[in-house]
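Per our numbering, the sequence shown starts with residue 1, numbered consecutively.
For the record, the hints were derived by calculation from the structure and aren't laboratory data.
Each hint should be verified, as a subset may be incorrect.
[Unchecked claim] For each label pair, taking beta carbons as the anchor points, the in silico distance ranges come out as: (1) 179 to 233: 18 to 24 Å; (2) 210 to 58: 40 to 46 Å; (3) 79 to 58: 39 to 45 Å; (4) 56 to 177: 40 to 46 Å; (5) 56 to 285: 27 to 33 Å; (6) 53 to 200: 34 to 40 Å.
In this text the structure is predicted, and so the values were computed from the model without any measurement.
We put the beta carbon where it would ideally sit given N, CA and C, even for glycine.
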Amino acid sequence: MQYGRQMGLTSLPEVGRSATFERSWTSDHALLYGLAVGAGVDPLEELAYTTENSTGIRQRVLPSFGALINQAQLPGRLGFGDLPKGSMVYAEQTVELLNPLPPEGKAEVTAQVTGLLDKGSGALLRVSTGSVEHETGLPLVRTECSYFIRGAGGFGGERGESASDGLPARPADRTIRVTTRPDQALLYRLTGDRNPLHSDPRIAAKAGFDRPILHGLCTFGIVGLELVRAFCAGDETRFGRCFARFRRPVLPGDDLALETWQTDEGLRFQLVHDRGAVLQGGTFTYRDADPSVPSTLGEN
């Protein structure tokens, strides 16, 4: 099958292709991630996500860090074909927390290509992953992600259903304001994604941007942190499942608004800035507080 003749693409991974690999991380990796998505803006707060040796506080890990554990180097592991630089962007992301993530550890990760849709101007590649703790076999995180591959469409495959934002036809019940940092992409790249689109002005200009853009998974992590703050009382163990669809990039320094709606089906959200929607179709589930688990950061 020929994909994206105008781009010279010859192959994409077949549906069903899978890979199993080990992922390890340290306390420093988890701390850096917390800082990179906005924890500790007030250095007296959220020390559980940003320090490992504060008096009376044990280190804890943001659930969205699970995307980094499960999805590290997926294109290489699954053989995403001969893709030109800049042709692949995140389209959708789901993180489901099964058990609290340890500050350091090793996991066995299984990833599988679950879908390949022909969107005309490009292809939508869907991947699911799951991780278990290496020594105990305890399930940790499930993720689903979709990549839009520009120029790889037109191969005659199934198109799939059109996406809907699923938002109620009323003003948001609650709006949370977030200001990103001008250096946030430079900090987040240290978590592992060194794509120069997020740091090199010349590469960003070639891609059509005035300056480097924020990583999509950083934007997703910012939202995950805000949802833990607002709806889980700062207790990340209450995080259930979070899904969002990427629409527009964020520029470091942007002011964002996280708009949320409580519905019979659960929480719905979207993230917007002054240029339009950034994340759409967002859904979030969270658990009731467990009396055996502290509800405020800073307690053991």
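For each hint, the structure was consulted:
The hint said 18 to 24 Å for the Cβ distance between residue 179 and residue 233, and at roughly 23 Å that hint holds. The hinted range of 40 to 46 Å is satisfied by residue 210 and residue 58, whose Cβ atoms lie roughly 43 Å apart. A beta carbon spacing of about 40 Å between residue 79 and residue 58 agrees with the range 39 to 45 Å that was offered as a hint. Between residue 56 and residue 177 the Cβ separation comes to about 31 Å, which falls outside the hinted range of 40 to 46 Å.
At about 31 Å, the beta-carbon gap between residue 56 and residue 285 stays in the expected band of 27 to 33 Å. The given range of 34 to 40 Å is respected by residue 53 and residue 200, whose C-beta atoms sit roughly 36 Å from each other.
In summary, the structure is inconsistent with hint 4 from the numbered list given earlier, while agreeing with all the others.
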